[in-house]
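**Student:** Here is how the chains run, residue by residue.
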Amino acid sequence: MTDARWVGRSYETAPFDVTEQSIRDYMAAVGDLREDDELIAPPTYAMVYGFDAYWQLWTDQEVALDVAHLVHGEQRFTFQRPVRPGDRIKTTGRLTAINSRGEMELVSFELKARDAEDRLVSDGTALFIIRKP
Amino acid sequence: MKTISTLDFDRVTPGQTLPPLTKHVTVEQIRQYAEASGDRNPIHLDETFARSAGLPGVIAHGMLTMAFANQMVTDWLGDRSLLKSLHGRFAGMVLPGDDVTCSGSVASKDDETRRLVINLLVSNQRGEKVFNKGVAEAEFPATKEQ
Numbered sequence: 704m705t706d707a708r709w710v711g712r713s714y715e716t717a718p719f720d721v722t723e724q725s726i727r728d729y730m731a732a733v734g735d736l737r738e739d740d741e742l743i744a745p746p747t748y749a750m751v752y753g754f755d756a757y758w759q760l761w762t763d764q765e766v767a768l769d770v771a772h773l774v775h776g777e778q779r780f781t782f783q784r785p786v787r788p789g790d791r792i793k794t795t796g797r798l799t800a801i802n803s804r805g806e807m808e809l810v811s812f813e814l815k816a817r818d819a820e821d822r823l824v825s826d827g828t829a830l831f832i833i834r835k836p
Numbered sequence: 358m359k360t361i362s363t364l365d366f367d368r369v370t371p372g373q374t375l376p377p378l379t380k381h382v383t384v385e386q387i388r389q390y391a392e393a394s395g396d397r398n399p400i401h402l403d404e405t406f407a408r409s410a411g412l413p414g415v416i417a418h419g420m421l422t423m424a425f426a427n428q429m430v431t432d433w434l435g436d437r438s439l440l441k442s443l444h445g446r447f448a449g450m451v452l453p454g455d456d457v458t459c460s461g462s463v464a465s466k467d468d469e470t471r472r473l474v475i476n477l478l479v480s481n482q483r484g485e486k487v488f489n490k491g492v493a494e495a496e497f498p499a500t501k502e503q
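These protein sequences, in sequence, are chains S and P. Per the numbering used here, the first sequence starts with residue 704, numbered consecutively. Per the numbering used here, the second sequence starts with residue 358, numbered consecutively.
Just to be clear, a hint being listed does not mean it is correct.
Pairs of lysine-lysine residues, derived as BS3-like cross-links and limited to a Cα-Cα distance of at most 27 Å, are as follows [said to hold, decoys possible]:
| no. | chain 1 | residue 1 | chain 2 | residue 2 |
| --- | --- | --- | --- | --- |
| 1 | P | Lys486 | P | Lys466 |
| 2 | P | Lys441 | P | Lys490 |
| 3 | S | Lys815 | S | Lys793 |
| 4 | S | Lys793 | P | Lys441 |
| 5 | P | Lys441 | P | Lys486 |
| 6 | P | Lys466 | P | Lys490 |
| 7 | S | Lys815 | P | Lys441 |
| 8 | S | Lys815 | P | Lys490 |
| 9 | P | Lys466 | P | Lys441 |
| 10 | S | Lys835 | P | Lys486 |
| 11 | P | Lys490 | S | Lys835 |
Calculated directly from the structure, the hints in this document are not laboratory data. What you are looking at is a predicted structure, and each value in this text was computed from that prediction instead of being measured.
Assemble the whole structure, with the sequences as input and the hints as a guide.
**Tutor:** Laid out in structure tokens, this is it:
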């Protein structure tokens, strides 16, 4: 069981510079290829610019989540505005809860992504499930 | 720039179903998603590691399935900027070779706020739910008359 004293720990990504190439790579990977008049990222691209916050949590040696047995259980996003090439976005993630349900451990992570003017771009909530080995 | 939606909000009716979207998931797509997203967790890439972690083999990222649900909604809306929220549970694993189908229906429509609530579900070729309790919210721009 992960030590509950780590609840409250937060992680911040370096500024993520959104490029046309990065959006197009994501669109190609998921197969979401519709062209609009103006290129904006598919909303779930939030997982790309925010990814390093998740990665920092998963690889935090002190918190030591059992990542080999970790699966994504649930995800929520709210989108304040579309994301375009040229945006510079910083995401902060906060470990908000560690609970157990039966033999599983449930880890809650809340994220806020802000642009260069410190305005909210999106927020997210992830629930990770750590299965019993 | 004001975005123009290809979907006419006034013609949407509660209960209406969205055109479904089916995707065939491959090892190559999972690798491509890992590269594009940065998520190179070995449970998605390394067959031996995935099995040692108690999985049947490499599994697709949950966020790839959520991206499919996202696409079904935004293809229907005709404008990616109208999507305001997305939520759901990863109810089952998606493995390479699976065909997953996204389906959705309009749960409610608010003429005042010009918002739609859409229920979402993604199932595999055996009819098993892999993404459930899905909800998307969309908001349409105010019309000029208002």
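**Student:** Does each hint hold? Answer for all of them.
**Tutor:** How the hints compare with the structure:
In summary, the hint linking lysine 486 of chain P to lysine 466 of chain P is supported, as the alpha carbons are separated by about 26 Å, within the 27 Å threshold. Proximity of lysine 441 of chain P to lysine 490 of chain P is assessed by CA-CA distance (about 17 Å); at most 27 Å being required, the pair is judged to hold. A C-alpha spacing of about 8 Å is found between lysine 815 of chain S and lysine 793 of chain S, which places the hinted pair at or below 27 Å, so the restraint holds. Pair hint lysine 793 of chain S plus lysine 441 of chain P holds up; C-alpha atoms about 19 Å apart against a cutoff of 27 Å.
Of the supplied pair hints, the one linking lysine 441 of chain P and lysine 486 of chain P holds, its CA atoms being roughly 24 Å apart against a limit of 27 Å. For the hint pairing lysine 466 of chain P with lysine 490 of chain P, the CA-to-CA distance comes to about 18 Å; that is within 27 Å, so the pair holds. Of the pairs offered as hints, the one joining lysine 815 of chain S and lysine 441 of chain P holds, with about 15 Å between alpha carbons and a cut-off of 27 Å not exceeded. A distance of roughly 23 Å separates the Cα atoms of lysine 815 of chain S and lysine 490 of chain P; the hinted pair therefore holds under the 27 Å criterion.
Our distance criterion of 27 Å between C-alpha atoms is met by lysine 466 of chain P and lysine 441 of chain P, whose separation comes to about 14 Å. Taken as a hint, the lysine 835 of chain S and lysine 486 of chain P pair is honoured in the structure, with Cα atoms around 22 Å apart against an allowance of 27 Å. At roughly 24 Å between alpha-carbon atoms, lysine 490 of chain P and lysine 835 of chain S fall within 27 Å of each other, so this suggested pair holds.
Hint violations for this structure: none, all hints satisfied.
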